[in-house]
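Colleague: Given only the sequences and the hints, what does the whole structure look like? Please build it.
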Amino acid sequence: MDTSEVPAHGGFALLTEQYKTLNPMQQVPAVEIDGITLSQSLAVIQYIDETRPGPRLLPEDPKKRAQVRMISDVIASGIQPLQNLYVIQKIGAEKVQWAHHFIDRGFQALEPILKQTAGKYCVGDEISMADICLVPQVYNAERFKVDLGQYPTIKRLNQVLLQIEAFKVSDPSCQPDTPADLRA
Amino acid sequence: MATQTKPILHGYFRSSCSWRVRIAFALKGIEYDQVPVHLIKDGGQQLTEQYKTLNPMQQVPAVEIDGITLSQSLAVIQYIDETRPGPRLLPEDPKKRAQVRMISDVIASGIQPLQNLYVIQKIGAEKVQWAHHFIDRGFQALEPILKQTAGKYCVGDEISMADICLVPQVYNAERFKVDLGQYPTIKRLNQVLLQIEAFKVSDPSCQPDTPADLRA
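Protein chains in written order, with the numbering used here: chain A, 12 to 195; chain B, -15 to 200.
Simulated from the structure, these hints should not be mistaken for lab results.
Some clues are possibly wrong.
So the derived label-pair ranges between C-beta atoms look like this [what the hints assert, rightly or not]:
{"#": "1", "chain 1": "A", "residue 1": "Q174", "chain 2": "B", "residue 2": "V185", "range": "47 to 53 Å"}
{"#": "2", "chain 1": "B", "residue 1": "P195", "chain 2": "A", "residue 2": "Q174", "range": "50 to 56 Å"}
{"#": "3", "chain 1": "A", "residue 1": "P123", "chain 2": "B", "residue 2": "I14", "range": "41 to 47 Å"}
{"#": "4", "chain 1": "A", "residue 1": "P190", "chain 2": "B", "residue 2": "H117", "range": "28 to 34 Å"}
{"#": "5", "chain 1": "A", "residue 1": "D158", "chain 2": "B", "residue 2": "P195", "range": "40 to 46 Å"}
{"#": "6", "chain 1": "A", "residue 1": "K156", "chain 2": "B", "residue 2": "G108", "range": "37 to 43 Å"}
One side only, chain B facing chain A, incomplete, derived with CB under 10 Å [what the hints assert, rightly or not]:
{"#": "7", "residue": "V60"}
{"#": "8", "residue": "I129"}
{"#": "9", "residue": "L198"}
Cβ atoms here follow ideal geometry from the backbone N, Cα and C, with glycine treated the same way.
Modeller: What follows is the structure, encoded as structure tokens:
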């Protein structure tokens, strides 16, 4: 799917009045699509899935679909909001321990859940929104020096997913706004 | 879809996430059993090994339904909506449905996790200011969003998962002394929703585990 990306640089551009009209939460991402503007990544992802053809991003089976949402929400509600930029700036000096703590706590929950739901991917054998949420969270875990050795299922899934083209082209190392020193 | 046994909700009377699920069951007319999990007593019953098997995140709610156990209230609510008849909890129109999810996630990812019990216990002495800050911040975003999406309810004129998320969050806002006067749309919607039967019967003031001194 062709999209265009407008970088909202670091902390400064997010807090502008202009960006606030796109997303009153003053966070990324915001997506302009089909004449509306949406924020909250999981709302965007499910909207895309429901309006575009192609591989399903959520399974057909309601129970599997619930498991995908559960795993996605453990990450998107249970981990990431506790370690995003705004919060760790507010925490201040102890931010690494704080972020590390909440990622560990979340992964300690995710590991047994995934042990039960995973096949080739997070839920069964089809890529889903759960996999979409997992990879960026593992990236954050590594930034905060979380030891993935404790989470073999998470580690395995992440390694498999990183080989997939859609995950490769979306990687932070090769975006329009990737700084030169972090470029792949 | 035929079900043999009643769903079981493991929750806490004042947990906003548990309350969301109670509202959803009530809106759909689904009978369910409640197993109270006291978040403070015994050091927090959600921290037992037994409860951990239901929800490894050691949080409420956890719901046993149709032979599986689900956690994360929005996953539960959408599962109920997709498998039970009755009024839709998410609109049919995809754009409206996205708006419902967006509003729900502003609350369920952007506000509530920053002011839940575990986090404010970790923050310690400054917990009221911390919780107040994050609820205010979230409501400052929610107010203009709702001004745009709301009709009679949060999104248009049908009750949805967004309304289900809003009411418990307003309850928390009041607990942390957030001034709702700044948020007229949120205030208005909350007042309308509190009159609805499904919201009344799910209220923290009248649950099996509501303490006597907080009972309606």
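Colleague: Work down the list of hints and note, for each, if the structure agrees.
Modeller: Evaluated hints:
1. A/Q174 with B/V185: 47 to 53 Å: holds (50 Å)
2. B/P195 with A/Q174: 50 to 56 Å: Because 54 Å falls inside the window, the suggested range holds.
3. A/P123 with B/I14: 41 to 47 Å: Given a distance of about 28 Å, which is not inside 41 to 47 Å, the answer is violated.
4. A/P190 with B/H117: 28 to 34 Å: For B/H117 against A/P190, whose Cβ atoms are near 31 Å apart, the range 28 to 34 Å holds.
5. A/D158 with B/P195: 40 to 46 Å: Cβ of A/D158 to Cβ of B/P195: about 42 Å, so the range 40 to 46 Å holds.
6. A/K156 with B/G108: 37 to 43 Å: violated (24 Å)
7. V60: holds (7 Å)
8. I129: At 6 Å from the nearest chain A Cβ, B/I129 passes the 10 Å test, so the hint holds.
9. L198: At 27 Å from the nearest chain A Cβ, B/L198 fails the 10 Å test, so the hint is violated.
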